[in-house]
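Q: Protein chains in written order, with this note's numbering: chain R, 1 to 207; chain U, 1 to 392; chain Z, 1 to 392; chain B, 1 to 262.
Derived from the structure by calculation, the hints contain no laboratory data. Keep in mind that this is a model prediction, so the values were computed, not measured. Glycine included, every Cβ here is placed at the ideal spot set by N, Cα and C. Worth double-checking, as some hints may not be accurate.
[To be verified] Straight line, CA to CA, 20 Å or less: simulated EDC-like cross-link-like pairs of lysine to aspartate or glutamate:
(1) Lys224/B to Glu135/Z
(2) Lys254/U to Glu115/Z
(3) Lys33/R to Asp151/B
(4) Lys224/B to Asp352/Z
(5) Lys233/U to Asp352/Z
(6) Lys254/Z to Glu115/U
(7) Lys146/B to Glu115/Z
(8) Lys32/R to Asp222/B
(9) Lys202/R to Asp207/B
(10) Lys202/R to Asp151/B
(11) Lys224/B to Glu178/Z
(12) Lys224/B to Asp159/Z
(13) Lys188/B to Glu115/U
[Stated by the list, open to error] Across the chosen pairs, the derived CB separations fall in these ranges:
(14) Gly312/U to Ser143/Z: 35 to 43 Å
(15) Leu73/B to Ser76/U: 50 to 58 Å
(16) Ala132/Z to Gln218/U: 49 to 57 Å
(17) Pro150/B to Ser114/Z: 16 to 24 Å
(18) Asp223/U to Arg30/Z: 56 to 64 Å
(19) Arg23/U to Arg63/B: 43 to 51 Å
(20) Arg23/U to Ala125/R: 23 to 31 Å
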Amino acid sequence: MHIMEGFLPWQWCVIWWLVALPCLMLGIWQLKKVINADREALPLLGVTGGFIFILSSLKLPSVTGSCSHPTGTGLSAICFGPWITAVICAIVLLFQSLFLAHGGLSVLGANIVSMGIVGPLVGYAIYRLLKDTSVNIYLTVFLATALADMFTYVTTSLELALAYPAEVGGFASSFVMFMAIFAVTQVPLAIVEGVVLALVFKYIVAL
Amino acid sequence: MSSIVLEARDIRYRYPRGQEAIRGISFHFRRGEKIALVGPNGAGKSTLLQMFNGMIRPDSGMMLFDNRPMEYDRASLRELRRKVGFVLQNPDRQIIAPTVYQDVAFGPTNLGYSEAEVRESVTTALRHVGLAGFERRPPHQLSGGEKKRVAIAGVLAMDPDVLVFDEPTSGLDPSGSEDLMELLDELNHEGKTIVISTHDVELAYPWADRVILLADGQIIKEDIPDVAFGNTKFVRMAHLSVPTLLELSAELEKRGFFIPGRKPRSVLDMVHIIESQARGSCCHPAPGTITVCNVDTIAPGTTPLWVQAHPGIAVGAMGTRAKQCAAMEQVALEFTYGVIDKCILRALRGKDSLILTNGSMVGRVTERVEAYCKESGNVISVALLETTDRLS
Amino acid sequence: MSSIVLEARDIRYRYPRGQEAIRGISFHFRRGEKIALVGPNGAGKSTLLQMFNGMIRPDSGMMLFDNRPMEYDRASLRELRRKVGFVLQNPDRQIIAPTVYQDVAFGPTNLGYSEAEVRESVTTALRHVGLAGFERRPPHQLSGGEKKRVAIAGVLAMDPDVLVFDEPTSGLDPSGSEDLMELLDELNHEGKTIVISTHDVELAYPWADRVILLADGQIIKEDIPDVAFGNTKFVRMAHLSVPTLLELSAELEKRGFFIPGRKPRSVLDMVHIIESQARGSCCHPAPGTITVCNVDTIAPGTTPLWVQAHPGIAVGAMGTRAKQCAAMEQVALEFTYGVIDKCILRALRGKDSLILTNGSMVGRVTERVEAYCKESGNVISVALLETTDRLS
Amino acid sequence: MFEELLEDVAQTNGLRETSTWLKLAAGLSAIVLCLLSTGYAAPLFIALVLSAAILTLARVDLRTYAELFLVPLWFALMSVAVIVLISGGEHVFWNWDPLPFLSLSVTRESINTGFFVLCRVIGGMSALLFIALTTPMTDLFVVMRKARVPDFVIDLAMIIYRTIFFLLDQVRQIYHAQVMRLGYSGWKESVHTFSVLCGSAFIASWDAGDDLVRAMDARCYDGKFALLGENRPVELRPLAALALFLIAASAAVVATQGMTLL
């Protein structure tokens, strides 16, 4: 779920762009290195982007009325690292806003931060942490994707709360409210998503 | 005449913001018919097919299954989709489970069968398509023809009444296509109604009981194949071509040759026409015999011995199981497609042949030979090979 | 005889961990030939094709282009791939860029052409395949036939000497296939060597100069089509079927009909044979004329007037541009495929016809008619429609 | 299950041949004006003008357009509800303190703020949709190059673009095949079937990547992508219309400064 166009005041649009840009720069720099080293990387990165877009344009069937969808960014983070994933995500988010009217242009920075940077970073960190432990690989995938998903929504709530702090209790109580509405309702969905992607992983291994 | 199983009444459909894809179509299919929907790409064939099992609901008009209007609630759709099996053009889109068994079991599992029932229906379906023993194979290692068979088994496992095939032979080589068309005939012989959509006129012409020519979302002709494909105006409208043999017979007719009412559908028919014209007669003094062998009931080892005892005989096999059997018993095959016709042609030249086949197809050989004899005035005898015939 | 352009010397190839796909193959193609590689799925056709432009390097043996052994360094491969254009079976897998223009420009841009050169080669290539005006369209909105043409244009834009097509007509309907085969003929007429791989025998039989039958990674027969497809043993080995007309002529021959040395490749040939046999002669007293019109040079408006002035004439169109032209000038077409043969058949019945075509194909009409006349002893005259003929 | 991609609408819309620069200028400056506005009226005015342009000039049908607002509006209403409850103010209509650190109240000021944000979302969404529905991505690639986005990033974007469409096509077919064989029949089956769908999408992407590498190699790929040269030139009438719109919208922003609902 993305923040939509016009929701954030202009100051916050600028701030989140300023947060996102250095990460994108780092990603672009890494991307350039990868492509120069191996020309075949470009098409592979391209289909990864296509895959993320397709996954995010599929709606989970049994949860009607919601626009929850798997993000698939965890997978990309595991393959190419979080910074290159941020660049791919930025492109995918641009396409999502223009092809599906999900998200927007002024809020693109904020959405890149939540879905393209924080989510993949969390997923990547969990994967790295659990990779060499005795934790079952499917459980690892489940945790990485479910938590990446959760943290995407937590970040979104954070962004909203910062923009609209409460009169009483300020940012903190506003954050709690947005969390209650967006992040908490997403818990079951994040679990479903974790299950789905763990099954996907199992399916791919079975092939 | 058998009862109507699928019917459309003036259906229309428009894709969101697109052109009207189906523009007022009515037809009915009877139980046990073999129907070919023929038309160019973009004529609306796929859209129409998807209405047969409720994947697309017409904007106006009515679809009926078993004389009852289709309903589009969840339960009715489930029932409809069980009864109308759909085989996609590209098996790679249909087969997605990691093993053949799991894939064929997909439908039965979703129908809520018990594990034993699932196992049984999968085994039956795989045996039917000649893939017994393939259960644990991963689909991506199979050949195109085998994949197609897995896709068909996946649909057969739900035991549908009507089988719908979108471009059944696309991507298959001639022997694969031939095997597949034989399988369709076999299924039809067991009572299933078969509907195919295709743009391959050479395929549809000899196979179909009835042809529906489709162009621009409308039916432009619906008739038996000779008539539907015989009208060059309609064929041109549908961006198709006239089947070779039909074109040849039309040209001969224009040149004053006599072509009987039923136009030639096979090389056999054409030879008959040309011989009658050139020689004045086509009756042969001493035709050969055709022996049929049911590979399901014959004792192993019988066939090779019998063939050895009959030098000069040509052996043909119909159906996958018969071909597998011939390979196992090391019987060299002369004919692997169009077997019955080729054996009749041989018989007319006074030579004998043996046809290996199975189950319900044995009857088909007799039927076809008798039909030919009745029409042409020749007498060809069909014998059944029994285990006791071993050395006779 | 023209020079050898592509040659293989005892090449072998095994996929990593797979079976040996190519097991000792040698052949050579000459400049300007039309070659069909025919074999079942899994015979190694695609693997072999990919060796023609260095996508796969044989494990042993040698591939030669222009009598020089292929080299597999980057620069040589680039040069080779420019000279040997490869059109994949599935155009979706070949089209890379988001618009038609960008996709066709992909090759020229990477070859380092200047922007003006890129623009020119793209325009020429798109015009060639009949897609002028499609530059800004995104590929996913095109029909299957149009996508195929974009894929071909993308290869033509690099101006290759040899064009390799994997299953060129797969997925196309009859009129789309026919258009495509006409395009291949046109390209061949302009001097390109054309190699196709296919399992469609009916397609390869009348088209090819030479047929290579492939099975299990080996060449089992290499000859002119009548001979390659005429041997039932080889055809069976390659899991193929005998082309209908060839099968018919073989059956007639077995029945004592005289079939001349060159076997019938078309309905026209077959009619000729049957008529000669049944009537003793096939010379026609007063054959009609065939008029050819070059749509590139004729003044607009000429054709409809001329057609009006000649009632009873049948009009056929060869090639995409001619068909587009006919649609624009609202000339009703009688023939859209197999046009020359159909017009000869009409002429033999004393009737006139007009063929719309373009550029190099005009010569082809004359050639084909002359060849037929020489063989059959008939005299059919071919006239060229000029702008000044408007009302004559 | 599948949403329609606006790109397909954009490829055939009535403003397809108008200069990309003008359309982009209209959409982007509308977004900026909405964000700069401090009253609710200016964003509504912008929404009205751009919606009219989308419906009449670009000839997008009303239903398609209306449906596009549903999801973002749902999200917006929920968020706006939160804003209304927490922003506080002096004219309290209703108040509830469920927890010591949480105070919910509906006030005149909070209703004004909530309504203002809602209007800004409507204005911003219509501006975004104006770009999405009138300007195909294929034209925006040219703009991206002019804007000095690094070449390989544009190339990556173009490959993603192309991949999206043919993957979507494949995934759609697989989904249909699953439905035809009664997948998604219960909750548990749905999750399983859905994960198989996602898995085959992954496999399909993998294959596509392989094929793409080959296809590019076979056509002498040397690190370059061609761009469709120039976009359509800027014409006088659309330019005048754009100027008029910008002047009117800016005037609205200034004139309705601080305007509130209550």
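Q: Could you run down the list of hints and mark each one as holding or not?
A: Each hint, compared with the structure:
The straight-line distance between the Cα atoms of Lys224/B and Glu135/Z is roughly 19 Å, inside the 20 Å bound, and the hint therefore holds. For a cut-off of 20 Å, the pair hint linking Lys254/U to Glu115/Z is broken: about 57 Å separates their Cα positions. Proposed proximity of Lys33/R and Asp151/B is supported: the alpha carbons are some 14 Å apart, at most 20 Å. The suggested pairing of Lys224/B with Asp352/Z is violated, with an alpha-carbon distance near 54 Å, which exceeds 20 Å.
Simply put, Lys233/U and Asp352/Z have alpha-carbon atoms about 19 Å apart, close enough for the 20 Å limit, and the pair holds. This hinted pair does not check out: Lys254/Z and Glu115/U have alpha carbons roughly 57 Å apart, beyond 20 Å. Distance hint between Lys146/B and Glu115/Z is fulfilled; the C-alpha atoms sit about 16 Å from each other, no more than 20 Å. Between the alpha carbons of Lys32/R and Asp222/B the distance comes to roughly 15 Å, so the proposed pair stays at or under 20 Å and holds.
The hinted pair formed by Lys202/R and Asp207/B meets the criterion: a straight-line CA distance of about 18 Å does not exceed 20 Å. At most 20 Å may separate the alpha-carbon atoms for a hinted pair to count; Lys202/R and Asp151/B exceed this at roughly 37 Å. As the CA atoms of Lys224/B and Glu178/Z are separated by approximately 35 Å, the hinted pair breaks the 20 Å bound. The suggested pairing of Lys224/B with Asp159/Z holds, with an alpha-carbon distance near 19 Å, which does not exceed 20 Å.
Restraint check for Lys188/B and Glu115/U: satisfied, since their Cα atoms lie roughly 17 Å apart, inside the 20 Å limit. As the Cβ distance of Gly312/U to Ser143/Z is approximately 53 Å, the hint placing it in 35 to 43 Å is violated. A C-beta distance of roughly 34 Å is found between Leu73/B and Ser76/U, which places it outside the suggested range of 50 to 58 Å. Taken as a hint, the range 49 to 57 Å is violated for the pair Ala132/Z and Gln218/U, whose Cβ atoms sit roughly 30 Å apart.
Taking 16 to 24 Å as the suggested C-beta distance range, the pair Pro150/B and Ser114/Z conforms, at roughly 23 Å. Between Asp223/U and Arg30/Z the CB atoms are about 48 Å apart, so this pair departs from the stated range of 56 to 64 Å. Range check, Arg23/U to Arg63/B: Cβ separation about 22 Å, and the 43 to 51 Å hint is violated. A hinted range of 23 to 31 Å for the beta carbons of Arg23/U and Ala125/R is inconsistent with their spacing of about 58 Å.
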